[in-house]
Amino acid sequence: QQPVQSPQAVILREGEDAVINCSSSKALYSVHWYRQKHGEAPVFLMILLKGGEQKGHDKISASFNEKKQQSSLYLTASQLSYSGTYFCGTRGDTGTASKLTFGTGTRLQVTL
Amino acid sequence: DTEVTQTPKHLVMGMTNKKSLKCEQHMGHRAMYWYKQKAKKPPELMFVYSYEKLSINESVPSRFSPECPNSSLLNLHLHALQPEDSALYLCASSQDRPSGETQYFGPGTRLLVL
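For the record, the sequence lines run as chains A and B. The first sequence begins at 1 in my numbering and counts up one residue at a time. The second sequence begins at 1 in my numbering and counts up one residue at a time.
Chain A on its own, in the form it takes in the complex:
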């Protein structure tokens, strides 16, 4: 039941764009996106709630299609600081403190 992310890994040159996809086999209530740099804790990027709303800040945005049980993270004009592993986390219900299941991860490397 772990969400599947694609691609598994991607290498970009600085300034290029990337899309990371997260697909779940079960109905979703919310999708959470995190970035984790090597040896560090996951850092929260954004949360998307049921309703198909697209969110974003700066050059990172995301969409959530609850009918398809999918979310996508859009990185535009990538910077070196975007390098890391991106995880989506999904919640399937509205219960309090319910379980967040992390996806398989996408390793992103931005080069000069």
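Misleading hints may appear alongside valid ones.
Said to hold, decoys possible - Simulated pairs of lysine to aspartate or glutamate, EDC-like, Cα-Cα distance not exceeding 16 angstroms: (1) Lys40/B with Glu40/A; (2) Lys36/B with Glu14/A; (3) Lys41/B with Glu84/B.
Stated by the list, open to error - Okay, the calculated bits of chain B under chain A, using three or more residues with CB under 8 angstroms as the criterion: (4) 66 to 75; (5) 105 to 112.
Derived by calculation from the structure, the hints in this document are not laboratory data. As the structure is a computational prediction, the values presented were derived from the model and not from experiment. In this text, a Cβ means the ideal position worked out from N, Cα and C, and glycines have one as well.
Based on these hints, arrange chain B on the given structure of chain A.
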């Protein structure tokens, strides 16, 4: 302030040792979590505390014993661990509301079991 602190940063222990990991947050969050993360893998949920009560145990072996002494503190007591328990142990906290709570992670404790 979205800081979750964890101590120690690194821990090496033998299979017969007893040790504890500590996690602290002062954001007023009422849900706290323990995750285990192996290299190049996503975090895996171990335990969830909601309002200081254990609400989720993901069938974790009894050699891991969580404790939530108050709403700001979360401990993970370790006893008779196995080498395969070596991993990064992450603590997280969140508001506890159904609208989709954001989990904030601490820096983790990197555990090596010899």
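*Of the numbered hints stated previously, which ones are contradicted by the structure, given in increasing order?*
2 and 4
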